[in-house]
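Visitor: Sequence:
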Amino acid sequence: MLEQLREWLESWPGWDSTPQIAIDGLDLAGGAVSLRPGGASESSFKENILGGGRLSTSYRFWLELRLEKPVGDPGAGLHNAALVLALQDWVNTQNARGRVPLLFESGRQSLRAMGAGLQQAGPDGLARYRLELVAEHITELKGETDGEEQED
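Under the numbering used here, the residues of the sequence shown are numbered 16 to 167, in order.
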């Protein structure tokens with residue numbers, strides 16, 4: 016799941032230079048990007064009268080970007096903010112068009128981006144920005160008698 020998401024995010028045409036997104040780590044150098052898993056945060060099951068139903072699970076991820084933001088340079092901050100917001104818009108537009116990576120073998124899925132913003136800026140001229148990604152997976156389940164998943 017992480018590898019598919021990472022490759023897809025690396026394909027965003029708005030990168031100043033295409034990063035090699037690290038999994039679960041962030042280099043100290045400017046321009047570093049990391050994808051961190053947050054685990055399943057929500058799960059619900061809506062049962063139908065036959066004992067089957069719809070299982071919905073949300074998986075959270077954080078995309079962290081360490082970008083150059085020299086102290087006292089408002090232009091760098093504006094550029095970084097525009098970059099992070101444009102990436103958020105791209106993810107949501109791709110989701111609306113059904114062009115998100117296949118993260119699950121069966122069921123339906125969606126991918127949303129939210130909460131893009133500055134997390135921390137330091138005197139070293141680097142700032143950390145974060146974008147939250149939520150992948151929702153919806154699976155239709157048959158009744159308890161056979162316990163098998165249905166293909167959507």
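Any given hint could turn out to be false.
Distance ranges between label pairs, derived from CB positions [claimed, not checked]:
1. Pro34 <-> Glu62: 39 to 49 Å
2. Glu155 <-> Pro85: 32 to 42 Å
3. Gly66 <-> Trp30: 46 to 56 Å
4. Ala111 <-> Gly137: 30 to 40 Å
5. Ser121 <-> Pro52: 30 to 40 Å
6. Gly132 <-> Gly45: 26 to 36 Å
7. Gly137 <-> Leu65: 53 to 63 Å
8. Gly90 <-> Glu120: 40 to 50 Å
Hints were generated in silico from the structure; no laboratory data involved. Values in this document were obtained by computation on a predicted structure and should not be read as measured data. Every residue, glycine too, gets a C-beta built ideally from N, C-alpha and C.
Visitor: Please go over all the hints and tell whether each is borne out by the structure.
Guide: Hints, verified against the model:
Separated by about 44 Å at the C-beta atoms, Pro34 and Glu62 satisfy the suggested range of 39 to 49 Å. Between Glu155 and Pro85 the beta carbon distance is about 52 Å. The supplied range of 32 to 42 Å is therefore violated. Between Gly66 and Trp30 the beta carbons are some 48 Å apart, a value that agrees with the proposed interval 46 to 56 Å. The given range of 30 to 40 Å is respected by Ala111 and Gly137, whose C-beta atoms sit roughly 36 Å from each other.
At about 21 Å, the CB distance of Ser121 to Pro52 disagrees with the hint of 30 to 40 Å. Checked against the given bound of 26 to 36 Å, the beta carbons of Gly132 and Gly45, roughly 18 Å apart, lie outside it. One distance hint, 53 to 63 Å for the beta-carbon pair Gly137 and Leu65, holds here, with the actual separation near 57 Å. In this structure the supplied range 40 to 50 Å holds for Gly90 paired with Glu120, their Cβ-Cβ distance being about 46 Å.
In terms of the numbered hints stated before, the structure departs from hints 2, 5 and 6, listed from lowest to highest.
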